[in-house]
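**Student:** Now for the letters of each chain:
2 protein chains.
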Amino acid sequence: MASSSSEAPASAVLQAESFPDGTKDYVPIRKKNWDIKKPHITDQPITAKNWYKHVNWLNTTFIIFIPLTGLISSYWVPLQLKTAVFTVLYYFFAGLGITAGYHRLWAHTSYKATLPLKIFLAAGGAAAVEGSARWWSSLHRSHHRYTDTEKDPYSVRKGLLYSHIGWMVMKQNPRRIGRTDITDLNDDAVVVWQHRNYIKSVITMALIVPMLVCGFGWGDWAGGFVYAGILRIFFIQQATFCVNSLAHWLGDQPFDDRNSPRDHVVTAIVTLGEGYHNFHHEFPSDFRNAIEWWQYDPTKWFISTMKFLGFAYNLKTFPQNEIEKGRLQQLQKKLDQKRVTLDWGIPLENLPVVSWDDFVEESKNGKALVAIAGIIHDVGKFIADHPGGKTLINSAIGKDATAVFNGGVYNHSNAAHNLLSTMRVGVLRGGCEVEIWKRAQSENKDVQTVTD
Amino acid sequence: MASSSSEAPASAVLQAESFPDGTKDYVPIRKKNWDIKKPHITDQPITAKNWYKHVNWLNTTFIIFIPLTGLISSYWVPLQLKTAVFTVLYYFFAGLGITAGYHRLWAHTSYKATLPLKIFLAAGGAAAVEGSARWWSSLHRSHHRYTDTEKDPYSVRKGLLYSHIGWMVMKQNPRRIGRTDITDLNDDAVVVWQHRNYIKSVITMALIVPMLVCGFGWGDWAGGFVYAGILRIFFIQQATFCVNSLAHWLGDQPFDDRNSPRDHVVTAIVTLGEGYHNFHHEFPSDFRNAIEWWQYDPTKWFISTMKFLGFAYNLKTFPQNEIEKGRLQQLQKKLDQKRVTLDWGIPLENLPVVSWDDFVEESKNGKALVAIAGIIHDVGKFIADHPGGKTLINSAIGKDATAVFNGGVYNHSNAAHNLLSTMRVGVLRGGCEVEIWKRAQSENKDVQTVTD
Ligand code: HEM
Ligand code: HEM
Ligand SMILES: [Fe+2]
Ligand SMILES: [Fe+2]
Ligand SMILES: [Fe+2]
Ligand SMILES: [Fe+2]
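Chains H and G are the protein sequences, given in the same order.
For the first sequence, numbering that gives the first Met the number 0 begins at 0 and goes up steadily by one.
For the second sequence, numbering that gives the first Met the number 0 begins at 0 and goes up steadily by one.
It should be emphasised that the hints constitute simulated quantities derived from the structure, not laboratory data.
Errors might be hidden in some of the hints.
A short, non-exhaustive set of chain G residues, derived as facing chain H with CB atoms under 7 Å [stated by the list, open to error]:
| id | residue |
| --- | --- |
| 1 | Asp255 |
| 2 | Gln294 |
| 3 | Thr316 |
| 4 | Asn320 |
| 5 | Glu321 |
| 6 | Leu334 |
| 7 | Asp356 |
| 8 | Gly388 |
| 9 | Thr390 |
| 10 | His411 |
| 11 | Asn413 |
| 12 | Leu418 |
In silico DSSO-like cross-links for lysine-lysine, where the CA-CA straight-line distance does not exceed 30 Å [what the hints assert, rightly or not]:
| id | chain 1 | residue 1 | chain 2 | residue 2 |
| --- | --- | --- | --- | --- |
| 13 | G | Lys111 | G | Lys332 |
| 14 | G | Lys366 | H | Lys315 |
| 15 | G | Lys337 | H | Lys337 |
Derived list of chain H stretches under chain G, where covered just means 3 residues or more per stretch with a C-beta under 8 Å from a C-beta of chain G [claimed, not checked]:
| id | stretch |
| --- | --- |
| 16 | 159-168 |
| 17 | 188-199 |
| 18 | 282-288 |
| 19 | 376-389 |
C-beta atoms are modelled at their ideal positions from N, C-alpha and C, and glycine is treated no differently.
Use the sequences and the hints to build the structure in full.
**Tutor:** Shown next as structure tokens:
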């Protein structure tokens, strides 16, 4: 891997200087429109005078203005059934370009793809109009490495809207974004080609192709442009942006709750299966996001189908053992958090030590004391509530009820043991009754012991 | 309590001789149809000749023959709307007689009822035709005390059908059934009256009253008898029998899995809320079976309403703290069971102890060894799969990567720590690198130490 940059001349120029930790700055390989050494616009606060300089107008055009024109034009363009069906199919094509291509193949290298599949995915990704695979994957690696921190390019900690589109609509200081290693992407000819020819690819795949298909196919040029083109772009963008917003905001955290990623079926439905995002951040190089067969993860199904057809190989999965361990530890963490909020009774070491005789004496004088397993309990307030009746519990007062409590009469449930622990008032000196008796025997100076 | 049997002459005769554990045999206070000292029919195996002696014909008449006649008669009797509505209402009346009356009030004394409410419940219970409150509660206490054992009168361990109706259709050896204390029931005038006048009560409440209401109400004498009477009896019987069968067979065990009781919403719907049976066996004297507001427990709602109206008081609940403790412990138990099935890596004490120099040496000779937190890991097979890329993990080979692994470069997730533990191959002599160095310093005889 490391050697390839010196062997492959095409990619050598793309590699930035290495940092001591082995990662590199992201280097745009199209025209540079900023100098990393000069002060950046984001260093200045937004004012009435400079606000337009803070807006990333290129992105805003792609994700706000163009969709708006589409919405408006749709008023004059009737939607034909064939165009509608094609739009949905093209929606999935573009969506898979992002999820199976940009995300699981290039950003996470969770499987390997043959050249035809790579071209298919790069084309789909271009049709989704969300930046080049190289740019997208680089940022996404930063997102994983620096999740929820200042260096996270779309940190949900800055607000749901920011993580959804704010980070694209407003200019970002490139020095703020965490660095990552993208040597492998620079060595991927499809990624580099798509990056160098990005604008051409987008116009072709996102607008021209759908228009041609609907035009030559069934004469619906305008519908192809408006529905299968512009409006479809809008929907696919908003849907996949949800991975950065909704998937960090809605749902459960079965594997780790230190960071924001969450699992939710709604996010999964919107994002072609990327909604099991807590799992994904924990096991990012797993080609699956949903691990149960009944969960919705069409991207996973697509990759498996591609494997079956011979276009994908080396599908990576995390060992089930590790997944179960993660789930178990998170559950354990939750339990431990819950445990400390509950009352488990006075710790034994804080209880007074009472002699057997004192215990019997106090019981005779009206206190409802019961000894169980060497501990003295005041059951007075509980007698009327005892599910086993007053007679039985009364019969144990002033006695060692260890045996009757533990099956001699009734094998009390866990709940009863818990309840018992809240009634502790003392510890018997020397432990249980028998213990006491033995000690009394040996300590009693008057007792005659026969030795022969 | 114990003294009341000597003060109240009416109940004194009802009390059997006490056993040493304070409980008593169940003594029928109607005519005795068996002598506890004589051999019982159940001591003989069922044969072609004696089978009819094994059948409890009285019970079989009540729960099989009478319903059958109802089913057949319904062919000639058209169902009127008013009768249907009344049947449903009467169904709830009889059902609450069993659940709020027999079960939660008398068997478990989970609340106290005023005389009018007691009469209402005893009447409803009679309308359900499931034995007297005294008989039912006594058996039910045995069921709780000896759940799932040979002494359990309707143990589900003997089969679902047995626990549903088998235990009533076939004669049972009364000596087998576990004994319980019913002094309190013998002191309850309503219970004793209903028991002594059981057959009269049943015929009146289960058949005559519904017939009179439908007859005088809207002229539907036959419908009142067949639908509101016989068929309603059948449905209420089958529904409440489900507490003994379905509730010990279907559902989750959030509080205790040592015995059979289970929680399931389907059982709850069928049984007027008795379906949260795992909770109920753990906390039997709680007047609720469902503790969440959104769970279906109309019996609880009825009792609460009665309290509001002044007919019920002293509603018992288990402290929420105890309920949470039980739930937590059961979850913990499940986790612990799961934990032992997983691979947590070779225990540290079974690993060879390796010196720092040997570790560095072996790493130079082609082994991909990484030291983290004093433990040596063989990451060879993982390099290609590392989600953070090959470069980074390669940079740690032959080094102590404790800091970079724990945030220096990337703060690895829990999953990464787990995975790491499966790659253990050795323990560094003396712990971490720095440790080693310090020890080397002090052990090195050539080093000159200046003391002044
Ligand atoms: C000393 C403190 C005691 C506590 C805190 C206690 C608590 C409980 C609790 C919570 C139950 C409900 C069922 C369960 O959770 O297992 C229960 C039932 C029972 N207890 Fe106790 N108990 C105590 C003493 C005794 C003694 C000394 C006896 C007998 C000599 C006894 C006999 C029974 C019986 C027979 C039942 C079953 C009743 C039923 O579920 O219908 N208990 N007890
Ligand atoms: C030595 C054994 C190592 C193991 C078992 C390991 C395991 C993993 C795993 C499971 C992840 C996925 C994300 C996560 O679970 O947190 C990950 C990500 C990462 N690792 Fe490692 N790692 C190792 C060594 C290293 C080293 C030495 C470095 C840096 C010098 C490093 C840097 C990274 C980075 C930057 C990521 C984030 C990549 C992303 O999520 O996109 N790892 N590692
Ligand atoms: Fe994410
Ligand atoms: Fe990702
Ligand atoms: Fe039960
Ligand atoms: Fe019960």
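**Student:** It remains to establish, for every hint, whether it holds in the given structure.
**Tutor:** Hint check:
no.: 1; hint: Asp255; in the structure: holds (6 Å)
no.: 2; hint: Gln294; in the structure: violated (19 Å)
no.: 3; hint: Thr316; in the structure: violated (10 Å)
no.: 4; hint: Asn320; in the structure: holds (5 Å)
no.: 5; hint: Glu321; in the structure: holds (5 Å)
no.: 6; hint: Leu334; in the structure: holds (6 Å)
no.: 7; hint: Asp356; in the structure: violated (25 Å)
no.: 8; hint: Gly388; in the structure: holds (5 Å)
no.: 9; hint: Thr390; in the structure: holds (5 Å)
no.: 10; hint: His411; in the structure: violated (10 Å)
no.: 11; hint: Asn413; in the structure: holds (5 Å)
no.: 12; hint: Leu418; in the structure: holds (5 Å)
no.: 13; hint: G:Lys111 <-> G:Lys332; in the structure: violated (36 Å)
no.: 14; hint: G:Lys366 <-> H:Lys315; in the structure: holds (23 Å)
no.: 15; hint: G:Lys337 <-> H:Lys337; in the structure: holds (20 Å)
no.: 16; hint: 159-168; in the structure: violated (count 0)
no.: 17; hint: 188-199; in the structure: violated (count 0)
no.: 18; hint: 282-288; in the structure: holds (count 3)
no.: 19; hint: 376-389; in the structure: holds (count 6)
Violated hints for the displayed structure, listed by number in ascending order: 2, 3, 7, 10, 13, 16, 17.
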